[in-house]
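*Asks:* Take the sequence shown: its letter number 57 is residue 57 in UniProt numbering, and every next letter is one higher.
Be aware that a few hints might be false.
[What the hints assert, rightly or not] Below are the SDA-like pairs computed for lysine to any residue, each with C-alpha atoms no more than 25 Å apart in a straight line:
| id | residue 1 | residue 2 |
| --- | --- | --- |
| 1 | K61 | V72 |
| 2 | K57 | G112 |
| 3 | K57 | W102 |
| 4 | K61 | L123 |
| 5 | K128 | P65 |
| 6 | K61 | C99 |
| 7 | K128 | S118 |
| 8 | K128 | R77 |
[To be verified] Computed spacing ranges between beta-carbons, pair by pair:
| id | residue 1 | residue 2 | range |
| --- | --- | --- | --- |
| 9 | V107 | K128 | 24 to 34 Å |
| 10 | I82 | S23 | 10 to 20 Å |
| 11 | V87 | L132 | 53 to 63 Å |
| 12 | V72 | I52 | 17 to 27 Å |
| 13 | R27 | K128 | 49 to 59 Å |
| 14 | A85 | H134 | 46 to 56 Å |
| 15 | I103 | V29 | 43 to 53 Å |
| 16 | I39 | K128 | 31 to 41 Å |
| 17 | K128 | W38 | 12 to 22 Å |
| 18 | I49 | G22 | 33 to 43 Å |
| 19 | V72 | I31 | 12 to 22 Å |
| 20 | F105 | P25 | 20 to 30 Å |
Think of the hints as simulated: they come from the structure by calculation, not from any bench. These figures come from a predicted structure and were not determined experimentally. Every residue gets a Cβ at the ideal spot worked out from N, C-alpha and C, and that includes glycine.
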Amino acid sequence: MAAPGSVHYGYYVISFQFVYVGSAPVRNVLIVFSLFSWIGSVVVLITSIILIIALRKEYEKRVVPWLYSFGVFISFRTIAFIFAAIVNDMIFAYNIFMCLCWIVFCVTGMYGWLLVYSLYLELSDLTKLEDLAHLRMGTMASLNASLAGSRPTTPHSTVSTMPASQI
1 MAAPGSVHYG
11 YYVISFQFVY
21 VGSAPVRNVL
31 IVFSLFSWIG
41 SVVVLITSII
51 LIIALRKEYE
61 KRVVPWLYSF
71 GVFISFRTIA
81 FIFAAIVNDM
91 IFAYNIFMCL
101 CWIVFCVTGM
111 YGWLLVYSLY
121 LELSDLTKLE
131 DLAHLRMGTM
141 ASLNASLAGS
151 RPTTPHSTVS
161 TMPASQI
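Modelling step: build the complete structure from the supplied sequences, incorporating the hints.
*Replies:* Set out below in structure tokens:
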């Protein structure tokens, strides 16, 4: 491409000629992987903003879009990384370095997904407990007073312990 008189069509964002110089179809697959990774990263960014708001206010239902989008994204990136590691020559330091970086990124991403998923499960269980507590309190408030009318209803019994002969 650098020969005198040759026309150069440059890549101004990233040159995949440097990353892979083999066949054009494989290079095109690498470009498609990078395009879908960019689209996926925008989706993850938007759902991450929703996730931050949801975690601050403890809305576990708003965590679900992030779990789906990041799960799909990290799975796709793992497949793309494995493909790139196979087709790129591992004799160049750049390719080795990128392979090692993507191993770290994928493992860290999977660990982060597991952390958020466990937090989601904990918030869901906590919400169920709160709902049961509210239901219990509502049920207790709606029960009648004791048969003798001398004491409030306790959580242990709604039947008066006063002997029937004294009623």
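*Asks:* All hints are to be evaluated individually against the structure, with a verdict given for each.
*Replies:* Structure-based check of each hint:
no.: 1; hint: K61 x V72; verdict: holds, 18 Å
no.: 2; hint: K57 x G112; verdict: holds, 20 Å
no.: 3; hint: K57 x W102; verdict: violated, 33 Å
no.: 4; hint: K61 x L123; verdict: holds, 9 Å
no.: 5; hint: K128 x P65; verdict: holds, 20 Å
no.: 6; hint: K61 x C99; verdict: violated, 36 Å
no.: 7; hint: K128 x S118; verdict: holds, 15 Å
no.: 8; hint: K128 x R77; verdict: violated, 35 Å
no.: 9; hint: V107 x K128: 24 to 34 Å; verdict: holds, 32 Å
no.: 10; hint: I82 x S23: 10 to 20 Å; verdict: holds, 18 Å
no.: 11; hint: V87 x L132: 53 to 63 Å; verdict: holds, 54 Å
no.: 12; hint: V72 x I52: 17 to 27 Å; verdict: holds, 20 Å
no.: 13; hint: R27 x K128: 49 to 59 Å; verdict: holds, 51 Å
no.: 14; hint: A85 x H134: 46 to 56 Å; verdict: holds, 52 Å
no.: 15; hint: I103 x V29: 43 to 53 Å; verdict: violated, 20 Å
no.: 16; hint: I39 x K128: 31 to 41 Å; verdict: holds, 36 Å
no.: 17; hint: K128 x W38: 12 to 22 Å; verdict: violated, 39 Å
no.: 18; hint: I49 x G22: 33 to 43 Å; verdict: holds, 39 Å
no.: 19; hint: V72 x I31: 12 to 22 Å; verdict: holds, 20 Å
no.: 20; hint: F105 x P25: 20 to 30 Å; verdict: holds, 26 Å
In terms of the numbered hints stated before, the structure departs from hints 3, 6, 8, 15 and 17, listed from lowest to highest.
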